[in-house]
Structures are given as C-alpha cells and as structure tokens.
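Asks: Numbering of the sequence shown is given in the numbering used here, commencing with residue 1 and proceeding in unit increments.
Treat the hints with caution; some may be incorrect.
Okay, derived cross-link-like pairs now, DMTMM-like style, lysine to aspartate or glutamate, Cα gap no bigger than 25 Å in a straight line [unchecked claim]:
id	residue 1	residue 2
1	K47	E26
2	K47	E3
3	K47	E18
4	K47	E71
It should be emphasised that the hints constitute simulated quantities derived from the structure, not laboratory data.
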Amino acid sequence: MGELYLCENYIYGEKQLEIGNLEALEELVIYSNNPTGAIPPSIRELKRVRIIRGGRNYLSGPIPDENSECESLEVLALAENNLEGTFPVK
C-alpha cells in the first residue's frame, strides 16, 4: 500500500490508528477528522512514509520523538491540533 487517505471520515474519540503495520506506506492523509489523544507511537514504524498530513483534528500532547525515526519524511502537516513542542530534526 502506497497511500492511505482517511479525510473527513468522522473518526471520533481516542482511538489509536494502528498504522505501524503498514510498512510500505508512503503517504498518510488523515486531516479533518475528530480523533483525540496523542499521536500513536507506532508511527515510528513507517520507515518509508514521505508525507503525513494530519491537520484539523483534535490531537493533543507532545510531538513524539518517534517521528524523527521516519527517515523518508519530507512533509509533516499537523496544523490546527493541540500539539506541543517541536519536531525533532536529525
């Protein structure tokens, strides 16, 4: 699987998307939903992901250090959330 688009799908509540098993994923687009809680730690398993667009959600908490393990990441768009901190750059 190269791309996963879950835009405006009314994903509500504190559900952890188990995306870590999608090792071939290159683009993850999940903006304009209503999940709450933190960015799932399994995001670090996405070694090939180039684009993550997760804006206009209700994500909160710190931006996890695990994101820096996404070696191929080129675009990270997390606007309009309640996240804290900065993205760790290697």
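Asks: Next step is simple, just say for each hint if it's right about the structure.
Replies: Hint check:
A threshold of 25 Å between alpha carbons decides the hint, and for K47 with E26 the separation of about 9 Å falls inside it, so the pair holds. Only pairs whose Cα atoms come within 25 Å are accepted, and K47 paired with E3 is accepted, the gap being roughly 14 Å. Between the alpha carbons of K47 and E18 the distance comes to roughly 15 Å, so the proposed pair stays at or under 25 Å and holds. This hinted pair checks out: K47 and E71 have alpha carbons roughly 6 Å apart, not beyond 25 Å.
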